[in-house]
Amino acid sequence: MPELARRLDTRQGKLVAALVAVLCELAIALPFLVISPNTLRGVPGPLLVVIGVAASYLLGPWFGVPVTAVGVVLAVTIVGENAWAAPMVWLPVSAGAGIVGERVRHGDELRRELIEELRRGLVGLYRDPAVGRLNVVSRYIPAVSAQRIAGDFYGAVVQPTGDVALMVGDVAGHGPAAAALATRLRAMWRGLAIAGVSDSETVSALNETLLAEQQRIASQIPFATLCLATVAADLRSARIVIAGHPPPILVTGRGTHEDAHPPGPAIGISGTSTWEPHPLALPDEPWSLVVYTDGLVEGRTSPAGPRPYGNDRLLPLLAASALPIGEDDVDAVLRAVLDANGGALPDDVVLIAASPR
Amino acid sequence: MADPGAVSVEHVEGASVIALRGEHDLSTGPAIDAACDDAWAHSPSIVFDLAGATFIDSTVVGVMVSARRRAAESGGSVAVVAPAGGPPARVLTLVGINDVLPLHETCDEALRTISAPG
Numbered sequence: 517m518p519e520l521a522r523r524l525d526t527r528q529g530k531l532v533a534a535l536v537a538v539l540c541e542l543a544i545a546l547p548f549l550v551i552s553p554n555t556l557r558g559v560p561g562p563l564l565v566v567i568g569v570a571a572s573y574l575l576g577p578w579f580g581v582p583v584t585a586v587g588v589v590l591a592v593t594i595v596g597e598n599a600w601a602a603p604m605v606w607l608p609v610s611a612g613a614g615i616v617g618e619r620v621r622h623g624d625e626l627r628r629e630l631i632e633e634l635r636r637g638l639v640g641l642y643r644d645p646a647v648g649r650l651n652v653v654s655r656y657i658p659a660v661s662a663q664r665i666a667g668d669f670y671g672a673v674v675q676p677t678g679d680v681a682l683m684v685g686d687v688a689g690h691g692p693a694a695a696a697l698a699t700r701l702r703a704m705w706r707g708l709a710i711a712g713v714s715d716s717e718t719v720s721a722l723n724e725t726l727l728a729e730q731q732r733i734a735s736q737i738p739f740a741t742l743c744l745a746t747v748a749a750d751l752r753s754a755r756i757v758i759a760g761h762p763p764p765i766l767v768t769g770r771g772t773h774e775d776a777h778p779p780g781p782a783i784g785i786s787g788t789s790t791w792e793p794h795p796l797a798l799p800d801e802p803w804s805l806v807v808y809t810d811g812l813v814e815g816r817t818s819p820a821g822p823r824p825y826g827n828d829r830l831l832p833l834l835a836a837s838a839l840p841i842g843e844d845d846v847d848a849v850l851r852a853v854l855d856a857n858g859g860a861l862p863d864d865v866v867l868i869a870a871s872p873r
Numbered sequence: 618m619a620d621p622g623a624v625s626v627e628h629v630e631g632a633s634v635i636a637l638r639g640e641h642d643l644s645t646g647p648a649i650d651a652a653c654d655d656a657w658a659h660s661p662s663i664v665f666d667l668a669g670a671t672f673i674d675s676t677v678v679g680v681m682v683s684a685r686r687r688a689a690e691s692g693g694s695v696a697v698v699a700p701a702g703g704p705p706a707r708v709l710t711l712v713g714i715n716d717v718l719p720l721h722e723t724c725d726e727a728l729r730t731i732s733a734p735g
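Chains as they are written, first to last, in the working numbering: chain A, 517 to 873; chain C, 618 to 735.
The hints are simulated quantities; they were obtained by calculation from the structure and are not laboratory data.
None of the values given here were measured: they were computed from a predicted structure.
It is possible that some hints are incorrect.
To be verified - To give an idea of the interface, some chain A residues facing chain C are shown, with a C-beta separation under 7 Å as derived from the structure:
hint	residue
1	Pro738
2	Phe739
3	Gly760
4	Ile785
5	Gly787
6	His794
7	Pro795
8	Glu814
9	Arg823
10	Pro824
Using N, Cα and C, we set each Cβ at its ideal position, and we do this for glycine too.
Just chain A, with the same shape it has in the complex:
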């Protein structure tokens, strides 16, 4: 269809499209010209409305609303000259309704495009999973309803020292405001991380940004959570900073280790909060570091069962994965979570597994 759209988007193409549209409209009007007036009087007005709406709605996207409208008016005019066309008053009405319908559909498309663009801004899917000395496998699963865009975001960058900074965050709330704020926080994190600003200062700066944002009238973002995991260039340790977010999980051949350090508060709650990084030792044997957003563990335990799915169920899934955790393993974990929930999850999910490469 894009090919057809390209061909129609020329002067000649538009002329042909207009002609076809008029012919289509004439074809719709034709039955009313040939059938006897008495038969037509039996046709209920609402049916004509349906026909008119369907014609405008179906032809609108390809031939343009104005052309469709002209076609309808033309048809009405032709039919109208035969004085028996009283039910035809329904046609202009229905054409109008069809045009409105087309506008609504256009609006829906625009909204879908915006949401998609915001999502791309939030997560930035990388073609190459290699980030410094790590392989970063990432998944972003939108919530059950495509219109309910959430504020999950993540990123991975190499710092000047060779350390690899991973970040995953979640702006509380849904909708364009949450998503737009998330893209800003992500861009800001990225800039600070690339510049080599310390993790504590980075989170404080993001906190101040969110607090300032809340001063704006109509800002309804109560807080955001963050998890920063920076893997040292020598791959022997990582620095973890948590702001109200589920902690990272270290997966090794011996099982899983969920970082149990007390988390700092979410950002956007208090101007006096501080965040201190704490170290996480990384073993010589193969490992993967998993970071995620709470949507992953907030689904149902079974399709009719209670929420939440919980870390208790996530940890054995990760422990059963082959190391390093790759694309297939991440997909298997997501499949297990989705199956337990009985289909799409109520909230967005980000799941990242980083392993030495």
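Chain A is fixed; fit chain C onto it per the hints.
Using the frame of chain A, we list chain C on its own:
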């Protein structure tokens, strides 16, 4: 079994108690917002009673954080009932709002902090 979320509001002297039972997330957000509007119309202080809630997500935490902000502006206060070890207490502790919104074991305890602030 899944436990659909229910919201109730009770007006007591000096505060309104919003009790959540069952599971609460984005889908019950409008009902909680409506309960808050009802509560604000009655008094400047709210007690969120989560003792009967089996699940809350960040949407609910967000509502409470916003309520705290609003109460602070109007001279009221917000208290939360979330018995230690329960599902709501775990979520609230992870998000770290127990620093600014202390959690209480019982509704009576929470109401006492509202009537005797500080």
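Now the hints, each set against the structure:
Look at Pro738(A): its Cβ gets to within about 4 Å of chain C, closer than 7 Å, so that hint holds up. About 6 Å separates the beta-carbon of Phe739(A) from the nearest beta-carbon of chain C, less than 7 Å, and the hint is met. The interface hint given for Gly760(A) is met, as the beta carbon of that residue sits about 4 Å from the closest beta carbon of chain C, less than 7 Å. A least Cβ separation of about 6 Å between Ile785(A) and chain C falls short of the 7 Å threshold, and the interface hint therefore holds.
With a least beta-carbon distance of about 11 Å to chain C, the hint placing Gly787(A) at the interface is violated under the 7 Å criterion. Interface restraint check for His794(A): the shortest CB-CB distance to chain C comes to about 15 Å, outside 7 Å, so the restraint is violated. Here the hint on Pro795(A) is broken, as its CB sits about 20 Å from the closest CB of chain C, past 7 Å. Hint status for Glu814(A) relative to chain C: holds, with the closest Cβ pair at about 6 Å, below 7 Å.
Given the 7 Å rule on beta carbons, the hint for Arg823(A) holds: about 4 Å separates it from the nearest Cβ of chain C. Nearest Cβ of chain C to the Cβ of Pro824(A): about 6 Å, under the 7 Å cut. The hint holds.
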